[in-house]
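Using the sequences provided together with the hints, build the complete structure.
Protein sequences, first through last, are from chains A and B.
Going left to right, the first sequence walks through residues 1 to 115 as this note's numbering numbers them.
Going left to right, the second sequence walks through residues 116 to 225 as this note's numbering numbers them.
Please note that the accuracy of each hint is not assured.
Below, a list of computed lysine to aspartate or glutamate pairs in the DMTMM-like style, where the Cα atoms sit at most 20 Å apart [to be verified]:
#1 Lys40(A) to Glu103(A)
#2 Lys212(B) to Glu194(B)
#3 Lys212(B) to Glu82(A)
#4 Lys44(A) to Glu194(B)
#5 Lys172(B) to Glu103(A)
#6 Lys44(A) to Glu120(B)
#7 Lys152(B) to Glu194(B)
#8 Lys212(B) to Asp38(A)
#9 Lys212(B) to Asp132(B)
#10 Lys71(A) to Asp38(A)
Just the calculated beta-carbon pair ranges, DEER-fashion [stated by the list, open to error]:
#11 Ser65(A) to Leu155(B): 22 to 32 Å
#12 Pro123(B) to Ser65(A): 18 to 28 Å
#13 Val12(A) to Asn168(B): 43 to 53 Å
#14 Ile97(A) to Ser143(B): 34 to 44 Å
#15 Val12(A) to Thr193(B): 39 to 49 Å
#16 Lys173(B) to Arg95(A): 21 to 31 Å
#17 Arg166(B) to Val12(A): 18 to 28 Å
#18 Arg166(B) to Asn51(A): 35 to 45 Å
#19 Asp174(B) to Gln14(A): 45 to 55 Å
#20 Lys40(A) to Ser127(B): 32 to 42 Å
#21 Asp142(B) to Gly16(A): 15 to 25 Å
#22 Arg166(B) to Asp18(A): 40 to 50 Å
#23 Val12(A) to Lys172(B): 35 to 45 Å
#24 Asp174(B) to Ile97(A): 14 to 24 Å
For the record, the hints were derived by calculation from the structure and aren't laboratory data.
Even glycine gets a Cβ: it sits at the ideal position worked out from N, Cα and C.
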Amino acid sequence: DTAVSQTPKYLVTQMGNDKSIKCEQNLGHDTMYWYKQDSKKFLKIMFSYNNKELIINETVPNRFSPKSPDKAHLNLHINSLELGDSAVYFCASSRHITQLGTEAFFGQGTRLTVV
Amino acid sequence: GENVEQHPSTLSVQEGDSAVIKCTYSDSASNYFPWYKQELGKRPQLIIDIRSNVGEKKDQRIAVTLNKTAKHFSLHITETQPEDSAVYFCAASKTDKLIFGTGTRLQVFP
Numbered sequence: 001d002t003a004v005s006q007t008p009k010y011l012v013t014q015m016g017n018d019k020s021i022k023c024e025q026n027l028g029h030d031t032m033y034w035y036k037q038d039s040k041k042f043l044k045i046m047f048s049y050n051n052k053e054l055i056i057n058e059t060v061p062n063r064f065s066p067k068s069p070d071k072a073h074l075n076l077h078i079n080s081l082e083l084g085d086s087a088v089y090f091c092a093s094s095r096h097i098t099q100l101g102t103e104a105f106f107g108q109g110t111r112l113t114v115v
Numbered sequence: 116g117e118n119v120e121q122h123p124s125t126l127s128v129q130e131g132d133s134a135v136i137k138c139t140y141s142d143s144a145s146n147y148f149p150w151y152k153q154e155l156g157k158r159p160q161l162i163i164d165i166r167s168n169v170g171e172k173k174d175q176r177i178a179v180t181l182n183k184t185a186k187h188f189s190l191h192i193t194e195t196q197p198e199d200s201a202v203y204f205c206a207a208s209k210t211d212k213l214i215f216g217t218g219t220r221l222q223v224f225p
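And the structure:
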């Protein structure tokens, strides 16, 4: 049973296109995230949602728009793709405990290549 | 906001030796400090974590220590094996925001 699954695993697209990455978790977690991992392997948080509500937006360009139809899903839509958007995007989820950090479970990643 | 620094960026050891990775964090309110291992082409996975009310935690060959006063925490791997080769990330969190260090690429040579 896959706990956090994201699709697609690989995505190759041209500059200027619009694309979406989907994420689903079956752990019953309240909080979901998107992280970007660049070529230097830095893992940077992009967004965090708690019970479908956006709680963190880490100065990500407006071209990136997350959508959470329910607390088990957090999709990422990217408009007008640029070369610099090429990276591995990881979805993750965790339990929400007020004022307490908890383990994040990661999806397998989506390698986005913009050409 | 929270900032996490991690050193070294690369670490090469001989099989059987110990490896130590160090991290510092900036937000004294952080209360959760996990360590993740990421193998090539795979997702980051938790290997050990520690909370701010504990100074040390051990799980077989891996251990983590936390110095809240100095805002330092460290990962110790003893008797390293080639399968320990991976990128290791420390992280710090106080709520729903896990901030990662810059990663350490560990290579264990047989």
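Quick rundown of the hints versus the structure:
1. With a C-alpha separation of about 23 Å, the suggested pair Lys40(A) and Glu103(A) falls outside the 20 Å cut-off, and the hint is violated.
2. Distance check on the hinted pair: Lys212(B) and Glu194(B) sit about 33 Å apart at the alpha-carbon level, beyond 20 Å; violated.
3. Note on Lys212(B) and Glu82(A): the hinted pairing is violated, with a Cα-Cα distance of about 27 Å set against a maximum of 20 Å.
4. At most 20 Å may separate the alpha-carbon atoms for a hinted pair to count; Lys44(A) and Glu194(B) exceed this at roughly 31 Å.
5. For the suggested pair Lys172(B) and Glu103(A), the alpha carbons sit about 16 Å apart, so the restraint of at most 20 Å is met.
6. Distance check on the hinted pair: Lys44(A) and Glu120(B) sit about 13 Å apart at the alpha-carbon level, within 20 Å; holds.
7. For the proposed pair Lys152(B) and Glu194(B), the alpha carbon gap of about 17 Å is at most 20 Å, so the pair holds.
8. For the proposed pair Lys212(B) and Asp38(A), the alpha carbon gap of about 19 Å is at most 20 Å, so the pair holds.
9. Pair hint Lys212(B) plus Asp132(B) does not hold up; C-alpha atoms about 34 Å apart against a cutoff of 20 Å.
10. Distance check on the hinted pair: Lys71(A) and Asp38(A) sit about 27 Å apart at the alpha-carbon level, beyond 20 Å; violated.
11. Distance hint check: the CB atoms of Ser65(A) and Leu155(B) are about 31 Å apart, consistent with the given range 22 to 32 Å.
12. Checked against the hint of 18 to 28 Å, the pair Pro123(B) and Ser65(A) fails, with Cβ atoms roughly 38 Å apart.
13. Between Val12(A) and Asn168(B), the C-beta spacing of about 47 Å keeps the proposed range 43 to 53 Å intact.
14. Distance hint for Ile97(A) and Ser143(B): a CB-CB separation of about 19 Å, inconsistent with the stated range 34 to 44 Å.
15. Roughly 42 Å separates the CB atoms of Val12(A) and Thr193(B), a value that falls within the hinted 39 to 49 Å.
16. A beta carbon spacing of about 24 Å between Lys173(B) and Arg95(A) agrees with the range 21 to 31 Å that was offered as a hint.
17. Between Arg166(B) and Val12(A) the beta carbons are some 42 Å apart, a value that contradicts the proposed interval 18 to 28 Å.
18. A C-beta distance of roughly 24 Å is found between Arg166(B) and Asn51(A), which places it outside the suggested range of 35 to 45 Å.
19. Restraint check, Asp174(B) to Gln14(A): a C-beta distance of roughly 46 Å satisfies the suggested window 45 to 55 Å.
20. The given range of 32 to 42 Å is broken by Lys40(A) and Ser127(B), whose C-beta atoms sit roughly 18 Å from each other.
21. For the pair Asp142(B) and Gly16(A), the beta carbons lie near 39 Å from each other, so the given range of 15 to 25 Å is not met.
22. Range check, Arg166(B) to Asp18(A): about 42 Å between beta-carbon atoms, so the 40 to 50 Å window is met.
23. Distance hint check: the CB atoms of Val12(A) and Lys172(B) are about 42 Å apart, consistent with the given range 35 to 45 Å.
24. Taking 14 to 24 Å as the suggested C-beta distance range, the pair Asp174(B) and Ile97(A) conforms, at roughly 22 Å.
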